[in-house]
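Asker: Just need the whole structure built from these sequences, with the hints factored in.
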Amino acid sequence: MKNSKTTQKIAFFFLLLATLLIILPVGLIVVIIVVKGLPAISWSFIFDMPKDGMRAGGIWPAIVGTICLVAGAVLFALLIGVMAAIYLSEYARDNLLTRIIKLAIVNLSGVPSVIFGLFGLSLFVVFLKFGSSIIAGSLTLGIMVLPIIIAASRVALESVPHSFREVSLSLGASKWQTIRHIVLPNAIPGIMTGTILEIGRAAGETAPILFTVAAFYLPHLPGSIFDQAMALPYHLYVISTQVPNVDEKIRYGTALVLLILVLFVNLVAIIVRSKFRKKKKW
Amino acid sequence: MVKFDVRNLSVRFGAFNALKGITIRVNANEILAIIGPSNSGKTTFLRTLNRMNELERAAIMSGTVELDGTPINAISAEALRKRVGMVFALPLPLPLSIFDNAAYGIRMHGGKSKQAVREAVEKALKQAYIWDEVKDRLGESAFKLSGGQQQRLCIARTLAVEPEVILFDEPCSGLDPISTAAIEEAMLKLKSVYTIVLVTNNVKQAARVGDRTAFFLMGDMVEIDKTDKIFTAPSDKRTGDYIMGKFG
Ligand SMILES: Nc1ncnc2c1ncn2[C@@H]1O[C@H](COP(=O)(O)OP(=O)(O)O)[C@@H](O)[C@H]1O
Ligand SMILES: [Mg+2]
Chain A
359 MKNSKTTQKI AFFFLLLATL LIILPVGLIV VIIVVKGLPA ISWSFIFDMP
409 KDGMRAGGIW PAIVGTICLV AGAVLFALLI GVMAAIYLSE YARDNLLTRI
459 IKLAIVNLSG VPSVIFGLFG LSLFVVFLKF GSSIIAGSLT LGIMVLPIII
509 AASRVALESV PHSFREVSLS LGASKWQTIR HIVLPNAIPG IMTGTILEIG
559 RAAGETAPIL FTVAAFYLPH LPGSIFDQAM ALPYHLYVIS TQVPNVDEKI
609 RYGTALVLLI LVLFVNLVAI IVRSKFRKKK KW
Chain B
133 MVKFDVRNLS VRFGAFNALK GITIRVNANE ILAIIGPSNS GKTTFLRTLN
183 RMNELERAAI MSGTVELDGT PINAISAEAL RKRVGMVFAL PLPLPLSIFD
233 NAAYGIRMHG GKSKQAVREA VEKALKQAYI WDEVKDRLGE SAFKLSGGQQ
283 QRLCIARTLA VEPEVILFDE PCSGLDPIST AAIEEAMLKL KSVYTIVLVT
333 NNVKQAARVG DRTAFFLMGD MVEIDKTDKI FTAPSDKRTG DYIMGKFG
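Chains as they are written, first to last, in my numbering: chain A, 359 to 640; chain B, 133 to 380.
FYI, nobody ran anything at the bench for these hints, they're computed from the structure.
Predicted model only: the values in this text are computed from it and were never measured.
Relax, there's no trap hidden among the hints.
List time: in silico BS3-like cross-link candidates among lysine-lysine, alpha-carbon distance up to 27 Å:
1. K276/B / K636/A
2. K246/B / K533/A
3. K533/A / K244/B
4. K636/A / K267/B
5. K152/B / K369/B
6. K533/A / K460/A
7. K321/B / K258/B
8. K336/B / K258/B
9. K394/A / K607/A
10. K276/B / K633/A
Restraint-style ranges between C-beta atoms, simulated for each label pair:
11. T196/B / I629/A: 49 to 59 Å
12. S480/A / L222/B: 49 to 59 Å
13. V630/A / K258/B: 32 to 42 Å
14. L222/B / Y445/A: 21 to 31 Å
15. L454/A / A206/B: 31 to 41 Å
16. K258/B / I381/A: 53 to 63 Å
17. L222/B / R457/A: 27 to 37 Å
18. I438/A / L187/B: 19 to 29 Å
19. F379/B / T377/A: 53 to 63 Å
20. R250/B / L374/A: 51 to 61 Å
Note that CB positions come from ideal geometry on N, CA and C, so glycine has one too.
Answerer: This is the structure in structure tokens:
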């Protein structure tokens, strides 16, 4: 009896330790980046063009580029992903085609990001002749995040109680009206959750944008979605490895901006989600 | 006048026969009460009338069901359900405000001005004896209402569509006596305009409001007759036994 209590205490201790160990790297990353990067942050660092071969000046074009890329990717992935999820959850019967689609989605989520980059290069940049451009990069990132968006959307749609659909249909609403007015609004918080997770990934990935959009150095803002753009993760890679003698605080400052940008986008998404949650009345 | 003419209706779920050749006529402006132990196929019968059973992929139906002489399969499911409303056993408000719940069906069918929708909602809420309790809080979530109020709101939601037939599936199970009384009173008033099929787990309720009563048992309809007759001199022994509470 006493023995099992001691065992339990030991087990508990190690479980706690393992859990605390998770906090450690997260905390360290944040602390190191904030401590080393904060001195670089200033109005001009954020809103100025890079100067002196990216050794001075700001990172504005990379910020704008990343925002455009992520916005484009999420827009595209949400549009396609939610429609696909509605089809799969609400309409599709369990047949061979459906199973192939589901298998494709599962496999898509296992594809390494560099492969998405090559795929984007051959399809969007070369075959569709978009060239190295924001639209090519956005679509590539969008396809990369698509599987998770579909999966999250399906879970969200399927967690809307069956009884709501029955009630709506029993009142003479069509299936589409039921989806549009009852199912979808109540699935939005869940869809947002999946999207939040993917925004960070889309903003931070380098490989998919490497061949499809990212400019090494482009000291002006993109004029249209068919222009090349700089992007924060690639810029970070460039100034860390390709350009000699870049001040450490500029590198960490860039990392900090990327981190803050992702957190900011997540914050917006969380606020939207909680707005919908509050409206949720069941 | 015959509203629903059901002939030799059978419904299977896979290999399980839930209804075994039911023949029933539902007259216009009557309350037809259906009693019987659980799993007798009462809900399945109701859900056949507004084609809700079709949502179950395993359900296979045979026989004919006619509404005003037209086979229900010849009417689109939406149009049929607009004419044949349903109130479920549990209060099932939609995750919307009280007003939006009552207005849901009308809005989905479209073609009514805001003013007309408001009037229809008010009328329906009054018919379901809930207007006085909710008129000052129409914007609140329907989930803030008590169970009994929610169920009356659900009835109002069905009434607002102005169907011809209303199917009640044990609408008072689990409700307080006051809500139950209000719902029964509403049904008695409504039958002048609507045809009502009331499945109830409470034989006393059938006796109180039913013009005719049918007794279902294990997928068969054992008998159907005037309610007085069923309760005083049933022709089948099983009916009498069930009413006296010997099983079920
Ligand atoms: N969707 C379904 N799939 C399989 N069996 C079902 C389904 N719906 C009802 N049944 C079965 O049909 C029988 C009759 O059910 P039901 O009509 O709900 O009876 P009641 O309303 O009289 O309690 C039950 O045994 C039930 O298990
Ligand atoms: Mg039932």
